Structures are given as structure tokens and as C-alpha cells.
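> Chain by chain, the residues run as shown.
2 protein chains.
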Amino acid sequence: MKVNTTSKVKNKPILSNKATDVSNGVNVLVVGSVAYDTIQTPSGKRDNILGGSAVYFAYGASFFSPVSLVSVVGRDFSFEEELELLKARNVDLRGLVIKKGATFKWAGRYVGDMCYAETISHSLGVFGKFQPIIPSYYRNIPYVFLANGSPKLQKKILDQIKKPKLVFADTMNYWIENEKRALLHLIEQIDGLIVNNDEVRLLTGMYHTITAAREILKWGPQILIIKKGEHGALLVTKDDFFAVPGYPIEVVRDPTGAGDSFAGGMMGYLAKIDSPSLPNLKKAILHGNVVASFTIEDFGLEKLKQLSPKQVEERYKKLLGMMRL
Amino acid sequence: MKVNTTSKVKNKPILSNKATDVSNGVNVLVVGSVAYDTIQTPSGKRDNILGGSAVYFAYGASFFSPVSLVSVVGRDFSFEEELELLKARNVDLRGLVIKKGATFKWAGRYVGDMCYAETISHSLGVFGKFQPIIPSYYRNIPYVFLANGSPKLQKKILDQIKKPKLVFADTMNYWIENEKRALLHLIEQIDGLIVNNDEVRLLTGMYHTITAAREILKWGPQILIIKKGEHGALLVTKDDFFAVPGYPIEVVRDPTGAGDSFAGGMMGYLAKIDSPSLPNLKKAILHGNVVASFTIEDFGLEKLKQLSPKQVEERYKKLLGMMRL
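Residue numbers (our numbering), protein chains in the order written: chain A, 43 to 367; chain B, 43 to 367.
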């Protein structure tokens, strides 16, 4: 099933108030990295903390629905406590495999407005040879997030899933520059692509974001989400725009994981509601935006670890208030 | 009279649908520059086109209410046609004086994301010695905009106005760095300050925008508007936030004048309604945002010159639609 984004139904208030009626929702599958991050920002530095796209996504989605995670770590991995916390939040870690070798390590810094991370060093370790096999008991999961990675690999993962309801993928400049053909092939088969302004331009060779966004929608996906960091996000569909302002944060300590926890919050909410429609997608984006706004308030997962679904809901209501005339 | 921004009335729908009932509104006074601009952007170059804060403001406000302009030009000034167009839009130019000397000239370029203009050269000419005398017939104008300029001068202008209803001021990093004491003195006496993120930080020495914004509100003004370029704007009052997303523009050709035409659209709309309240201020900010979104679609005043109030209203409705869940 696909999200119906045509103008015919866009104002139809499908399930508009069901968010609080559904307690569990269906499953979300994420395939991505689990990593050791070393992060420097104007607020300080942290060495070898738990990170990675799959982890941030899982934390973000866990406020709303059960999550199944597929990733790989090395034998040096030692974040048992954090993983127990994920399990306690209904994150299924049976898809996390341990291989001989080292866990993915990334070191980066953010300066000034912290719009971009500057990579100081990275070492892919076992993640570099990752050929994920989706366990049979994960293959019917309806909501699927392909975190940033080689598009060839993303495609291989997707091919293992049976009739997903909704597939979103993330990518980055490296894949656009080095594996564009494979990426275009993947894009044809997904429902939604999550990118930033620069990636939209790089992908299309078009300077103006909106023109470029419309071009990408011709290639297959029905949904394009343009992340704008602290400035929020923009949803572009064939017939519609939805502009999400950034939630004004008092203290931005570390932007790492903002994009993945945004995607997690969004897809977790969609899985909770389990009825893809444009109004629900808009609410999902706002929930993702709220989760990401918490993520960046502290280093790594510090903020998300102590956060309750109630706090997420409270900030969601505040954000709605800020958007109200 | 001051805008009531307290939480007691913030949800009271004062005049919420009166925008279209008021045809003329009261006057807005702008004191600022009239200039020759030479502009380079990724979209091209224009030499010696009409610009200046007062001109952009007046064009922006003229969609909603009569405007009175106070500024100075040199004897080299030759934009009669453009000024006739302003007059036709109910802009009173009796306050525009001609002095011996040259008109203010500015040359700048925008690169990449065009977030900032890089000044290539500027020559203040007669604007450098500008000591504006507000004509007696302007001194009762209720809505006043003090465009970017020396805060000492802004203060002198304000002192000549009799009981204004609402005074907004703009400033820039130069004045914060070189005339901070005078600026703080001015800020005490105005209702609203319009700044960008960097200026908020520079003014307070605080890194985090929201904390800094709250600090500025302690100094006197009830309203702080943080411009975020193509990412929209944020309204901060003691008890409230209002986040305006950027209107997604297909083609951004030249950001010059965005801030001043935003201020013009906002104050022009407030003057049209002539009933300051928080809901009206929010609508005014959205109207300013819409006017600015047109400004940046073409060089200088090209877009605003051919624009009708109906087109502004249509885009305003589109923007509302994009913000709706």
C-alpha cells in the first residue's frame, strides 16, 4: 500500500484523532549502523559514545511503536546497558549481529552554527563488509527504513522484505557522487526519500530546491522530505507542500543523530497509526521534528534516554500551538 | 498604545477576519535609505538599480496601507519613474529630500546559499550626513519603522514622533559593535526589534537564540522578530512563540531587500488592521513573509513592481494551507 497523496483526499481527516487511541501499533524495521561516536561541539566533547543511524532511529521510533533493528557490531562492542534500555523500549535486537572485527567508529566536530559535521576520522570496521540478511521473522514488517548506506545494499535489503506498506530511505552526498545509478534504481522503488537541501541539488543538478524536489518525485517516490536542521523540514508531494518550522531550542549541544531520530519519530508514529494518509504523514513529520529537537539538546542519546512518550506529546502540542494563528 | 502580548488575550480572536474589511488603514512612516544598488548573485548582475531600506519597506507596506517616507538622495538621483510608481501606490514622498552630493551607493554579492551579502563597496554620500527632520504633517503617524541606521539617529527620529501606536526598529552588527550604548537606549523605547540570529547573539553575548531573545525582551521591547531568511521567521514575546516557515520559492534570484520588504509587509498589514493584538501580529508577520518571498524571486524591485495586492493575498492563503495539518 502506498500513501495516498493525491489532492482528492488530502483534506480528508482520516484518523485525525486516533493517535492517542492506539497503544502499540505495528512494527518498524530499521537497517543501518551501530557505532562508536567521538563528538566535538561548541558545548563540549564526548569520546566513544553509542551512536549510529539504526540506534538513533530506534530510539526515536520507540516512543510510538515496536522496532526491529538490523545491524552489525564488532567483538569490541560494550554498550550492553544502552541496549538493555532499547530492549526495554520494545526494540527487538535479534537482528543485531556480532562479527569478528571492530565496531564502526566515527569522530567529527561541529563548529559555529553546527549546520554540518566535519568528519575528523572514521573506520568502518565490520560495518564496511555488512551484507545484511533480514531474518525471516522480520520479513513481513510493514514499515521499513533504509538508513544511509550503499544504495546497492539498500536495494538488497528491500528485496528481502515482503510487500512493505511504506519504505523510506536516507542517503548522502557520497552515494550520490559515487553510486548514482544504483541510487536512482533504489529511488524508483521506495515511497519516500529523506534528504537535505544540498543532497537535493546534488542529486538533480538543479539549483532551486523546489524545482529539484519536483524532479525527484518524477523518478518514483511519492514523498520527499527535505530536512533543514534546526529550521525544520519541508514535505513535498506531487500536489502538496507542508512546511514544518524548527522547534526553538534553548540549548543545542550536539546535532548528531537529529536526522535519524527525526526519521524514527516519523516512521514510528506512522506505524502506530498504521493508516498512511497525507494528514497522518504531516502529523508524523511533526512528531519526528519534536523527537529530533530533543535529540540535539544533549550529546548523543543522553536526552532521548531519559525522555518519556508523555514529554514528546507535550512538546508536540507546544509545536502545534506555535504554528497556530 | 502597545500590542497586548500577554497570555490572557493571546487566543482572543480580535479582528481575526477584518483584514479584508478595511480598505485603506492608517499611515505607516518609514525613515531609512534610498540607494543605488549594484548586485551580483548566482542568477546574474544588475548595476545601479533602485534600492535602499526605505524603498523596499515602502513597496512592501504599499500593498496594505498608505506610507510616508523620509529619506535623502543626492542630485545624481534619477529614478523618477520608480518614484512615480511608489506615488501611485499611495506612498507620500514629501519627506524625501534632495541634497547637494551623491546618493548612497552599495555594491554587494551573494554566493552559494545566499545567506549573507558580501559588501564589495559602499559610499554613503548624502546619507552619511543625514539628519532627518520629520515634517510636522508626518509627526502623528501611528505606525513607525526605523530602518537600519545609527541608533542615535533612530532615537532622534523617534523623539520627533508624537505618541506612536507601534514602533519597530531594525539594526545591524555594525551598530551593535560600535554604538551599543545608544542602541540599548533606543531598544528601551521601541515596541519591536527586528533582527537575525547573529545579531541576537552579538547583542546579548549569548549563544543560544531563545535564551538571548528572552534577555532582549527584558530590556524594553515586547516583540522580538528573528528573521531567518528563506527559513522564515520567529516571533518571540514574553509568553509566546510563533514560528513562520519559509515560503518555498522555486527561484531565488536576489535576496536584497527581503528584510525591509518583510518589515514593510508586516507593518503595512498592522496599519491596515489598526488594532494591535497578538493574533493580528502573527497574521502581519505571515503577510510580511509573503511579501519578502516575492521580493527575492527577482532582482531589486522587479517582482514587487508588477505585483498586485491580490497576488499577495493568494500566496498568503497558500502559505496558510502549507501550515495546516
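Just so you know, these hints were derived from the structure itself, not from any lab.
This one's a predicted model, so the numbers in the text were calculated from it and none came from an experiment.
Among the clues, some could well be false.
Because identical chains cannot be distinguished in the list, a pair is counted as satisfied if it fits within a single copy or across any two copies.
Unchecked claim - In silico lysine-lysine, DSS-like type, Cα no more than 30 Å apart, as pairs:
no., residue 1, residue 2
1, Lys142, Lys324
2, Lys359, Lys222
3, Lys359, Lys147
4, Lys359, Lys205
5, Lys359, Lys280
6, Lys198, Lys359
7, Lys260, Lys360
8, Lys352, Lys147
9, Lys280, Lys352
10, Lys147, Lys207
11, Lys205, Lys347
12, Lys260, Lys280
13, Lys352, Lys324
14, Lys324, Lys147
15, Lys260, Lys87
16, Lys359, Lys260
17, Lys204, Lys347
18, Lys147, Lys204
19, Lys222, Lys352
20, Lys347, Lys194
21, Lys359, Lys194
22, Lys280, Lys129
23, Lys359, Lys324
24, Lys207, Lys87
> At 30 Å max between alpha carbons, let me know whether Lys359 reaches Lys280 within a copy, between copies, both or neither.
both (28 Å within a copy, 19 Å between copies)
> At 30 Å max between alpha carbons, let me know whether Lys352 reaches Lys324 within a copy, between copies, both or neither.
This pair counts as both: shortest intra-copy Cα distance 20 Å, inter-copy 29 Å.
> With identical chains treated as interchangeable, where does the CA-CA distance between Lys147 and Lys204 reach 30 Å or less: within a copy, between copies, both, or neither?
Neither: 32 Å inside a chain and 65 Å across chains, both beyond 30 Å.
> Reference check for the pair Lys260 and Lys280, CA-CA at most 30 Å: within, between, both, or neither?
The answer is within: 9 Å in one copy meets 30 Å, while 46 Å across copies does not.
> Please work out whether the CA atoms of Lys198 and Lys359 approach to 30 Å or closer within one copy, between two copies, in both situations, or in neither?
neither (39 Å within a copy, 44 Å between copies)
> Between Lys359 and Lys194, at a C-alpha cutoff of 30 Å, which is it: within one copy, between copies, both, or neither?
Close neither inside one copy (40 Å) nor across copies (43 Å); limit 30 Å.
> Can you give me the call for Lys359 and Lys147, within, between, both or neither, at a CA distance of at most 30 Å?
neither (37 Å within a copy, 48 Å between copies)
> Reference check for the pair Lys359 and Lys205, CA-CA at most 30 Å: within, between, both, or neither?
Answer is neither: 34 Å inside a copy and 39 Å across each miss the 30 Å cutoff.
> Tell me, please, which holds for Lys207 and Lys87 at an alpha-carbon limit of 30 Å: within, between, both or neither?
So Lys207 and Lys87 fail the 30 Å test inside a copy (40 Å) and across (49 Å) alike.
> Checking Lys204 and Lys347: alpha-carbon separation at most 30 Å within a copy, between copies, both or neither?
For Lys204 and Lys347, neither the intra-copy (32 Å) nor the inter-copy (56 Å) Cα distance is at most 30 Å.
> Have a look at Lys147 and Lys207 and pick one of within, between, both or neither, based on CA distance no larger than 30 Å.
For Lys147 and Lys207, the Cα distance exceeds 30 Å both inside one copy (33 Å) and across copies (59 Å).
> When no copy is named, should Lys280 and Lys352 be tagged within, between, both, or neither for a Cα gap of at most 30 Å?
between (34 Å within a copy, 25 Å between copies)
When each numbered hint is compared with the structure, violations occur for hints 1, 2, 3, 4, 6, 8, 10, 11, 14, 15, 17, 18, 19, 20, 21, 22 and 24.
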